[in-house]
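Now that you have both chains on their own, put them together as the hints suggest.
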Amino acid sequence: MTDLVAALRTTRGIVTLVLLVLLAVLPLLTQAFDQRYLLSIGTRVLIWAIAAVSLNLILGYGGMVSFGHAVFFGTGGYAVGILAHHGIASGWIQWPVAIAASALWALVVGALSLRTRGLYFIMITLAFAQLLYYVGVGLEAYGADDGLNIGRSRFAGLIDLRDKASFYWLCLALLCATLWFCSRFANSRFGLVIRGAKSNELRMAALGFPVFRYRLAAFTISGAFGGLSGILMANEGAYISPAMMSWVKSGDLIVIVVLGGMGTLFGPLYGTIAFFLLEESLKPLLDLLRKGWGEYWQIVFGPMLVLIALYARGGIDSLMGRSRG
Amino acid sequence: MDYLLLQVLNGVQLGLLMFLLAAGLTLTFGIMDLVNLAHGSLYMMGAYIAWTFVGWTDSFVLGALLALPATFLLGVVVEMVVARRLYARDHLDQVLATFGLILFFNELVRVIWGPAGKSLAVPAFLNRTVEILPGVPYPAYRFAIIVVGAVVAVLLAWLVARTRLGMLIRAGASNRRMIGALGVDIELLFTLVFGLGAVFAGLAGLMAAPITSVKIGMGDDILILAFVIIVIGGIGSIKGAFVAAMLVGQIDIVGRAFLPDFLKTFLSSAAASSAAPAISQVLVYVVMAGVLVWRPTGLFGQRA
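Here the protein sequences line up with chains U and P, keeping their order. With the first letter of the first sequence counted as 1, position 6 gets the number 6 in the working numbering; the numbers rise by one all the way through. With the first letter of the second sequence counted as 1, position 243 gets the number 243 in the working numbering; the numbers rise by one all the way through.
Chain P on its own, in the form it takes in the complex (with noise of 0.2 Å):
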């Protein structure tokens, strides 16, 4: 029962830090029409420039509040150079050079921190477990995690449904060209969105940081798996997003956890271990085909 839990707390944890970068992507995708491969390379991104600063301040906290705002402006940057110039553009456009971003920020990383991968330790006042129940130890950092990253999904809860910014968000999203037309200047819009969604994916790249170790390409795979978050939600809804961020984490880790157990009661041991995190993935994968027979459009979509 405990070990069932703890899953399931695993399960939220990487769900919520999915969250974290689906949201981006569904933002981009639901008012700037764009498809952002280059988002796991913010992720990314945030976890190296977390890890220069955790090494220059010696503090991982100070060094993750300073690799925010400058995940923030790398995300302004590729806004103004690159993105900016392919929302009017056709999807197979959008795909083609934000894959090219991809390649340049893997080899980037590779020049600026060298082909091994970096790791981030805990800190040290995380370093250690929590009781989430009356004896039933949690280790603190996944805790912090699951805090940090439910407070930020209620605080861009809240961003997009109760201040002028999310109105003007959900305004774009709905009709980008007659909020232009209305008054509001949507490049900027454009590009504080754009922007925040680097930091959201910066922030879920430093968290992961730490439990995962940073290194080249550790965006791309959980990219896919955002994408497979923002198709099942339905592209362009935050609550979507959410919801198939905890459903996907759900499938993953429980999946991972308990179906070795069951494989073994079939299977060698050895190949029960090695099938089941293959299982879990492909889990993850039948749900979306699921959904997406079931509901073209997602779970929240409205776009027909």
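Extracted from the complex, chain U is given alone in its bound form (with noise of 0.2 Å):
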């Protein structure tokens, strides 16, 4: 209680309390002022922060460059959406599937792909996360290329996912989880296996620990925990399709962890809500300049990415002051 106090002096702790909060009153604010449309971004901005946690798992804290993470939108989602298709509409028995599916290929892939380093790690794990995209593209009875609708997970008498603002709150709440998760994994002698790893594996070989394998354990976590992001994502948009786990989207995940500060707990949700922020100012921003230019805005985006990329590399986690790790 007393390390909880501590934090909350520092600059880091007010932020991030201050921003928990904004997320908690949301739906109340939008409610309040009519803007149905916030609430959706809000959402999506829940659902792929949990996302980013998840790879800020393996990317930030464990060095794996995995460039194929938003496979796991798909696996998550597909799941849940061919139960559904099926007559299945229990979340009870839809989560656990999407989850443990998700966690099933994550194991795969990493036993796989973590025998290779550097780029040959990167370009596999986005060649499996097109070999996915590619059977999705393939599979004519989900609706191949133009996706399919499906009704929304149901948990009878216990939430309605329809409603926008409780489906609202349990992404938060669940991200919160991850969140939990996240805190007590980067502290453990796991994680810290893990994160010694990544600044040298040869010496925590040399002290006895089998790195390969925790690892793998990583990166199927992250893949479970990317899973639940898909699950949430299909039940978003009652909506599944194979643009979900499109290359560009793990690109995405990327940019957001890296902006928003990598090995950090909460740089993926402040990485994802300035993703998401900069979308939609810089679409307006350029309209101002000159009427239709903001359908351009990737046009400043791209160019911040590079300068993100050779001079920002703390990310915005950086930016109140250095964490106690």
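The reader is advised that the hints may include incorrect statements.
[What the hints assert, rightly or not] Lysine-lysine pairs mimicking DSS-like chemistry, simulated, CA-CA at most 30 Å apart:
| id | chain 1 | residue 1 | chain 2 | residue 2 |
| --- | --- | --- | --- | --- |
| 1 | P | K215 | U | K283 |
| 2 | U | K164 | U | K283 |
| 3 | U | K283 | U | K249 |
| 4 | U | K291 | P | K118 |
| 5 | U | K283 | P | K118 |
| 6 | U | K249 | U | K291 |
| 7 | U | K249 | P | K215 |
| 8 | P | K215 | P | K118 |
| 9 | U | K249 | P | K118 |
| 10 | U | K291 | P | K215 |
| 11 | U | K198 | U | K249 |
| 12 | U | K164 | U | K249 |
Hints were generated in silico from the structure; no laboratory data involved.
Written out as structure tokens, the structure reads:
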């Protein structure tokens, strides 16, 4: 408890607290000001933040540059969608199956790709994501390229996912749970091995840790949380399509994690919010300069990424001073 | 039998196009240690620039010949403005920055050329068929791609194996610091290699344009395939890139051509024809996974 009080005295603690409170009351605000659109953006921010936190587990803490993380939007989403399509609407069945399927896919991909290093690892994770993407494109029974409209998961009597505000709060609760897990992970023995292997793999191996198995476990856990975000994404739009796991989405996730601050607890959340804010504000800003320019916002965003890569390694989190690790 | 031959030729043609793209990629990675996701953008820019020049000159060959130095210049500019600053960075920074370049170029094309795709006509003198064997016609344009691709591949092999520039390239691939210490102007060498890669990418793009149409993002999917190729072949190895490009070309085309018939034996014909292209894509990735499990640094890769 004293830890918590101490944490709240820092800039980072105050910013985080304000942010979480704002996120918690967002549905009330959007209702009061009648801005339905904002609530749907907020929901997407939360879902993407869960995916970003899960990527941060391996990318930020473990130094494993996975360029195929959006595939877990697909594994989670398609597991839910396919079950729903066949009449199994209960979330109690859908969600565990989807998470298990995502973890299993991560286990297989991890077992094969963690044998490689550097560019090979980046590319093999990308390739496996593309593999599932093309499987999705080829699945005529589930809409192929066009995707599939599905019914939302049912949790009879507990929560109605069709209600936008309830769904938003569910996403927020799950994000908090994911963050809580991440904070436990980062300071656990397991997490320290993963972080140690990032800075010096040879030393961790020499200390007697089976680095490969630790990494594989982290990769699998990351995939499971990624699958959770996929479940939510499918439920948010009541729709699945291969575009969920397009490689551009994987790139966006990396951008988010780096933008927010790699290997920091709240970095992925800051990154997601900044990413969506940039997207939503660059458009009107450019339109203000000249009508019609808004649709070209990526011509500004692209060079911004270059600058971030070149000059802003610590991400947003580092603006608030050094973290306590 | 003839059908098989035609499909194998199509595979060779695709493989050669992929090789042109992969060669630049594998050189930039082998020598400058740069993961250049924007290589596909150069492919796209090559096609768009050629489209413009062909419109001006009213001649495909002339337009293409003008487009090549233009893509070289573009490559040099990209190298001097962005890529140069990334060589010493880790792969994550490179992925991030060049991902930004992709977004930039896709949007730039939309601003300059508009969102609709362009079509580039096959030049009139190639708009016919040639008989590769007595009684077996083959589109002359595709045949020309094979010829040009093969000539460029031989030229590249000669350049790398027999010339002074090639010697520096090979030396740079094995130890770039050392050749810098020996007094070679490595900054200039890097710029040249990057420009050379851009030319090859542009050439591949403009040759593919009459077959696939010129559109935004045309370089992105093919870039991933090019990465698969250099990963299968072993990063930094030109020979590996060639072998892998041929392999991937055959898998893709033969898969597309023969899988539908095979699938129809147990699927409905509509399902078979929609699943076949996807399955042949999947096959490419399965082959890559298999190669990497067997040899984690690719077929001809050296680094551990």
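- prompt: Hint by hint, which ones does this structure get wrong, listed from lowest number up?
  reply: none
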